[in-house]
Structure formats: C-alpha cells, structure tokens
Amino acid sequence: MKKTLLVTGIISGILISSYSHARDTLSLAGSSTVLPFARIVAEQLGKNPNFKTPVVESGGSSVGKKGVCDGVGTKFIDIGNASSRMKVKELDYCNKNGVKLTEIKVGYDGIVVANSKKGTLLKISKSDLGKALTAEVPINGKWVKNPYKKWSEINPSLPNIEIRVYGPPTTSGTRASYAEMVNQKGYCGKDKIAKAASKERGDKKGKKCRAMRTDGVFIEAGEQDNLIVQKLNEDTGAYGIFGFSYLDQNSDTLQGAVISNTAPTFENIAGNNYSVSRALYYYVKHQHINVVPGIKEYMAEWTKHWGSEGVLSDAGMIPMPDAERAKYKDAMTSLPVLTAADLKK
Amino acid sequence: MNNKLINPTRASEIVRNSIAKRRAKDNRLKLYGRIAIGFAVCFLIFLFSSIFIKGYPGFFQYYVTLDINFDRERIDPQGDLSDNSLFNGEASKIVNEALFTIIDPKGRKAKKQAKKMVSSGKDVRLTNLVKSNPNLFGTISSVKFALDDDIDSFLRGYIKRETPESERRISDQIIKFVDKLDKEGRISYEFSDYILNGSASGNPEMAGIKGAFFGSILTLSVCLLIAFPLGVATAVYLEEVAKKNKITELIEVNINNLAAVPSVVFGIMGLAIFISIFGMPRSIPLVGGMVLALMTLPTIIISSRAAIRAVPPSVRDAAYGIGASKLQVIFHHVIPLAMPGMLTGTIIGMAQALGETAPLLMIGMVAFIVDVPNSVMDPGTVLPVQIFMWADFAERMFIQKTSAAIIILLGFLISMNAFAIYLRKKLERRW
Chain A
1 MKKTLLVTGI ISGILISSYS HARDTLSLAG SSTVLPFARI VAEQLGKNPN
51 FKTPVVESGG SSVGKKGVCD GVGTKFIDIG NASSRMKVKE LDYCNKNGVK
101 LTEIKVGYDG IVVANSKKGT LLKISKSDLG KALTAEVPIN GKWVKNPYKK
151 WSEINPSLPN IEIRVYGPPT TSGTRASYAE MVNQKGYCGK DKIAKAASKE
201 RGDKKGKKCR AMRTDGVFIE AGEQDNLIVQ KLNEDTGAYG IFGFSYLDQN
251 SDTLQGAVIS NTAPTFENIA GNNYSVSRAL YYYVKHQHIN VVPGIKEYMA
301 EWTKHWGSEG VLSDAGMIPM PDAERAKYKD AMTSLPVLTA ADLKK
Chain B
1 MNNKLINPTR ASEIVRNSIA KRRAKDNRLK LYGRIAIGFA VCFLIFLFSS
51 IFIKGYPGFF QYYVTLDINF DRERIDPQGD LSDNSLFNGE ASKIVNEALF
101 TIIDPKGRKA KKQAKKMVSS GKDVRLTNLV KSNPNLFGTI SSVKFALDDD
151 IDSFLRGYIK RETPESERRI SDQIIKFVDK LDKEGRISYE FSDYILNGSA
201 SGNPEMAGIK GAFFGSILTL SVCLLIAFPL GVATAVYLEE VAKKNKITEL
251 IEVNINNLAA VPSVVFGIMG LAIFISIFGM PRSIPLVGGM VLALMTLPTI
301 IISSRAAIRA VPPSVRDAAY GIGASKLQVI FHHVIPLAMP GMLTGTIIGM
351 AQALGETAPL LMIGMVAFIV DVPNSVMDPG TVLPVQIFMW ADFAERMFIQ
401 KTSAAIIILL GFLISMNAFA IYLRKKLERR W
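Protein chains in written order, with the numbering used here: chain A, 1 to 345; chain B, 1 to 431.
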C-alpha cells in the first residue's frame, strides 16, 4: 500500500512539475528532403556547449508548414521545414492563429526520375514525362483517364516497357513540386493539345493537371526515399521519383533520366540548367525567437555550411548563388514578416 | 430389433479393423503439427540469420591511428578544461595536421579532400580524451579516429575501385591517401565504440544507439509505473470487489475493445490530451510513457484478471473462514498467488510497448534527437524509432547500422521475455 502511494506521489509530482517546464530545446519538423540537411546543421549547433541539439522531426512539407502555423507557445514547433513554398492559403492559416513567420531559403534540390543501371536510361522531354503520369489527358478534345501503359505509346522514341513509377505521397513537398513543374508547367503548359484543352475547361493555368495517376502506374512509396532506392535496385524495369541527394549517394547503382536533354548532375542543377529543381525553405516563428534559446544561432549555423564548399553540398544540397545567400543572411537578422504579397512574387 | 444389437465378437472386430485407420489419423495430426512447427522454425532461423549476418558488420568499423601532439594552448586555450574553452580550441586542426604529416597532400584541393577523410567527430573525440585524462597534455600519443563513412564503405568493398571516378563517391586522390595509410598499417577494423556509446548522428560513422536506448528505458519506466498499478488495481476491483451488473459488464466489454484499438489512435489521444490540453512539451519520454501506458493497460488488465480468476476459490474461502477481512484476503492471498501471471502479462505488454513507433509519431518522438535524455523531461526517442530513422537515411553505411540496431532491440526483447519466464518459474505455485 505504501509503495502504491509512493508511486502515485512520484507520478503526480512529475505531472505537476511539467506544467511550469519551459522548453529549452529547439523543435523543428517538416520536409523529409530538408531533414538530412537540417540534422547536419542541428548537430553542428549541438557541438556548441551553450546550446542543446535541436530536435528535428520529419513528416513532409505540409506537416512543417501547418505545424509551425498551429499557434504560438512552446507546445508548438519553432521552425517548419519545407521543400515547396508556402501557399497563400497556408499563410492564411498562420495569420488566423496569430503566427508571424520569416521565410528563409537555404538551397536547391533537384527532383530526379531514376532507375537501376541495369535498366534502360530514360531520355525524355518534360512534356512527355508529364503525359505519362498526369491523371487525365485530352484525347479528341475530351479529358479522359490516362490510357498509356507503355512509354513507347507516348512517344515511339521512348523504350517499349511498361510505365511503372514509384514516388512520394501527397504530404510530400517533392510530390507537390514535381506535379507543378512536370505535370502542370511541363505538360499542360507546353504540350499544344493539352494547353488548348486546359483552356477549354476553364483551367488556364493547368492546375487540374497536377493530379497524379491513381491506376497503379504511379505507385506511392511513402516518405521513405530509401525504400524507393531499394525497390529500384530489385525492380529494374521501374523508375522512381526522389530528391537528388539520394541519386548522389547511390550514383554507382542508379542512373537519373535525362529530362529535356539535361542530365541531373550537381553542376546542371546548380547552374539552373536542369529544369526539375525546387528551392528548400524553412519558416521561423517570430514569437519564439528569444523565448526558445538558440533560434538565431541555428539560423546563423546554416550560413556557415550552405556554401558550395560546405558540408551541406557534400550531402547533396545544391547551394544558392552568392547574391541569394547574402539576401537570406540579411533576412536572418532583419526578420521580415512573410506576407501574402511576398508569396505572389 | 435384434439385428441392431452387435454381438461382442463383432464389436471387437470392428474396433480391431479401424485401429490402423485411427492410428494413421493420429500420425497425420502429429505430422501436420510437425510441419507447422518446422515452417515456423525455418522462418525464425531465416529471420535471425539474415539479421545477424547483415547486422554483425554494423558493430565494427574502420579506424585510423594518428600521432597527436597534445598542445594544451591550442586544445584548451583558457586552460580550465571547460566545455567552452575546448569548443574554442583547435582540436580539429590538430587532427588534420597529424593526418597531413602522414599522407602529405599537395595543394589546397587535396588538403580539402584529405580533411574529410577522418570523421567529423574528431574534435569531440579529442576533447573528450583530454577531459578524461588531462595527463595527455604535452605528450605525443597515438589516437584512433573513425574514418569517414564513404571510406569505410570503400574499405568494405561496397564502393569499388574499378568504378569510374565520376560515379564513385570518393576520388582517386582519396584512394591513394587510403592506400598510403593502409601501407603504414594505420588502418584497423575494430569493434565500433560509437554503436553503443554514440547517439543519433547525421554522420553514419558516429551514429549509435545510446540516446535511443536510454530514451526507451525512460519511456518504459514511466509506462510501467503508470500501467502496472492501474492495471492491477482495475483487475482486482473488477474480479474481487465489483458486483456483476450491467455497468461492470459494459466496462469489461470496453476494456476488451480498447485492447483492439490500433496503437496510432493512442498517439492522437496523447497529442490531444497531454500536449494540447495539459501543455506538456513535445518529444519527451514522459508523454511517450503515458501514451504507451494507455496502450498497454488493457493487456495488463486482461492478463491480471485471468491470473486472479485462476486462484482457487478454496484459498479465499479458507481465508474468510478464519475471519480475514476482504482487504486481507486480497492482499495476503489473492494478489501474491496471482502475481506471476500478472507480471508475465505486464512484461509482455512492456515488450509490446518497446516495439511501438506509431503512437510516438504524433507526440514528436519520431525525431532526430542527438542529446542523450537525462530525465523524462528531456527530448528523447526510442530504439524502434531510431531503427526507422536510420533505415531512411541516404548514406550507405546506415544499412549495416540499422541491422545492428535491430540486433540490439531483439536482444533487449529476448532478455525481457527471458526475465518474464524466470519470474514465472520462480514465483509459480502449483496446487
């Protein structure tokens, strides 16, 4: 009996003490593409004896952007990572909850369509790539479910094998960026028939083209990019969509598809020649600066490593040009509040 | 009517004739059982051997021995061995210099490449060394440093020399340096001191399970402290005290329902109650333990009730017969006799909780957490989460580390189950 009392006492003691406990560890969450870079920076900050190592959660870009906007207070995360830019709708959610943000761009990442070296190297135009995976295509002026089963049905110059592509789920920024760049801009923006048909159905910008196929040709493989890499090694007829860093780490077994005559190499992505690349961001919550220790120092830590000679480029991140780096370094101290007008630029 | 009666001779004849058939049925049943067990054992052997073969190399890694000049002014500029002083020192530079004297890189580019050969944890290793043994100052001693994960993969043969340089993670220049170090006998393959003592890290050569291991222990202790007393108390009340009526029946049904709820649901509840309403911080083992306690409670209650029900009524009657009160009967007779069953149920529940990641996702424990948690209020993660995270990292060396971590988790589980069996054997009483 005494023991039970003691145990209950201890537990309620812990519970009560937790109420007054302020967080002293930085908390981040979001994109699994930014995660490997964020953890490198976090670890570097943790070496400094004055700061604890920040806690970095994954979950996908939407988790990062929504999580940071959920509200003010130490039970919410401080910084949200994202591999696709915040949308006005997402910012509205922030404003509703009274959260002020500063947007920091940290670098770029190419999205590659890769397969095993034992398979056929895909050389494809962006428009054809979009045609292969967009949910609906116009045939004789009507939008129908994508009927293509083989690459060669889209364009006779493409390999005569079944279309089978592994890719990330809807919560992923990689997926959102891919759908926007390839399906929307590459296919419905470039392909004449698709462009005209989009206009006709009152979708001038081609936003409806963003939907990916759901008939088993495009296979969602979860937020785990490594899983896709493993599957590609076993299934040599399949292709996978993931971030450049994974291709970089597995360059001896995988090959990246040549998209619109450009191969996905570090130089091509950094030189802005490879068209399927997107920026990586993190969003800092103003109200938490100086409340949770280490936010400013965490931001400053990025500037030490994000150059072309830094550890982040070794891990596969594509650095920004000098001018952009200077701009965002300034933003770390001046902390401009993100507004809807900024996002429309 | 007469012909329906079978005379004894005829009966024994029928029985004799059917004996062979019945024996064959018996034997077939035995055979089916053996086949089933055989399959299970085969799968088990396959699982364990594949994990062991893959994971075994994860406990080892390549080290390079360097002669370090322990110059106090450079390593510890303030001279007080404080963290700040060591942080501001030049530990990294000293290690690089020691490396350069052996491989002698020419030019800025070669030096830059050479610097990355030794793990980026080199400065921490050096400062930890002088912290534990300040006598090293002023000497030149040889120290082992972990090699970078790419070089480790190269030495293991995963990165092949024959691959063209453009497709290889390491350059021809570095291979030359590695060959030089190897020729001087400075490279060694040894039991990794990072896998057990290191914490989560982006550098696979430095990654270890210490943080996750302590996180698991803290989380499970919170879970045990909450779930065991609550579970046992509930079971005792329902079995011994409560009247059997509609309400207790409803409670019983719902406890069984609770046992079947998918674990991620408990995570969502934890997020809603403990973090959103009570305002507890994210990612801490205390919240993790409480969520897992909710998850294991039904298991403990159900097994405890079964254990209490197995206590023979004669024991209770005898106790009542000599004038014991209800409380005395429960605490002096029923609980001690039911304890082995209760403990077994609890340990099985704990083992289940040890392997859970889904409920922890919602409360922020599925995260990259480097610092080892010292209390239930520090951010921490658990072993299965660590395995899950490592499985997703791009670097090749994490594949072996993942399997090694799985071996450790399995070891933990097996020892917990062995403890359960030991307790049962020791405390069990037969009548």
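It cannot be assumed that every hint is accurate.
[Said to hold, decoys possible] Below, in silico cross-link-like pairs of lysine-lysine (DSSO-like), each with a Cα-Cα straight-line distance of 27 angstroms or less:
{"no.": "1", "chain 1": "A", "residue 1": "Lys118", "chain 2": "B", "residue 2": "Lys54"}
{"no.": "2", "chain 1": "A", "residue 1": "Lys304", "chain 2": "B", "residue 2": "Lys115"}
{"no.": "3", "chain 1": "B", "residue 1": "Lys106", "chain 2": "B", "residue 2": "Lys93"}
{"no.": "4", "chain 1": "B", "residue 1": "Lys116", "chain 2": "A", "residue 2": "Lys47"}
{"no.": "5", "chain 1": "B", "residue 1": "Lys115", "chain 2": "A", "residue 2": "Lys47"}
{"no.": "6", "chain 1": "A", "residue 1": "Lys304", "chain 2": "B", "residue 2": "Lys109"}
{"no.": "7", "chain 1": "A", "residue 1": "Lys89", "chain 2": "A", "residue 2": "Lys149"}
{"no.": "8", "chain 1": "A", "residue 1": "Lys47", "chain 2": "B", "residue 2": "Lys160"}
{"no.": "9", "chain 1": "A", "residue 1": "Lys304", "chain 2": "B", "residue 2": "Lys111"}
{"no.": "10", "chain 1": "A", "residue 1": "Lys47", "chain 2": "B", "residue 2": "Lys210"}
{"no.": "11", "chain 1": "B", "residue 1": "Lys54", "chain 2": "A", "residue 2": "Lys47"}
{"no.": "12", "chain 1": "B", "residue 1": "Lys106", "chain 2": "A", "residue 2": "Lys304"}
{"no.": "13", "chain 1": "A", "residue 1": "Lys89", "chain 2": "A", "residue 2": "Lys344"}
{"no.": "14", "chain 1": "A", "residue 1": "Lys142", "chain 2": "A", "residue 2": "Lys208"}
{"no.": "15", "chain 1": "A", "residue 1": "Lys208", "chain 2": "A", "residue 2": "Lys192"}
{"no.": "16", "chain 1": "A", "residue 1": "Lys304", "chain 2": "B", "residue 2": "Lys116"}
{"no.": "17", "chain 1": "A", "residue 1": "Lys231", "chain 2": "B", "residue 2": "Lys160"}
{"no.": "18", "chain 1": "B", "residue 1": "Lys112", "chain 2": "A", "residue 2": "Lys47"}
Don't read these hints as lab results, they were simulated from the structure.
To see whether the hints hold, each was checked on the structure:
1. Lys118/A with Lys54/B: holds (24 angstroms)
2. Lys304/A with Lys115/B: Holds, because 17 angstroms separates the two Cα atoms, which is no more than 27 angstroms.
3. Lys106/B with Lys93/B: holds (17 angstroms)
4. Lys116/B with Lys47/A: Holds, at roughly 18 angstroms.
5. Lys115/B with Lys47/A: holds (18 angstroms)
6. Lys304/A with Lys109/B: holds (19 angstroms)
7. Lys89/A with Lys149/A: violated (36 angstroms)
8. Lys47/A with Lys160/B: Status violated; Cα separation ~34 angstroms.
9. Lys304/A with Lys111/B: Holds: Lys304/A and Lys111/B sit about 19 angstroms apart, inside 27 angstroms.
10. Lys47/A with Lys210/B: Measuring from Cα to Cα gives roughly 17 angstroms; hence the hint holds.
11. Lys54/B with Lys47/A: violated (32 angstroms)
12. Lys106/B with Lys304/A: At roughly 26 angstroms apart (the allowed maximum being 27 angstroms), Lys304/A and Lys106/B satisfy the hint.
13. Lys89/A with Lys344/A: holds (12 angstroms)
14. Lys142/A with Lys208/A: Given pair Lys142/A, Lys208/A holds - Cα atoms ~14 angstroms apart, limit 27 angstroms.
15. Lys208/A with Lys192/A: holds (16 angstroms)
16. Lys304/A with Lys116/B: holds (16 angstroms)
17. Lys231/A with Lys160/B: holds (22 angstroms)
18. Lys112/B with Lys47/A: Given pair Lys112/B, Lys47/A holds - Cα atoms ~21 angstroms apart, limit 27 angstroms.
Hint violations for this structure: numbers 7, 8, 11, all remaining hints satisfied.
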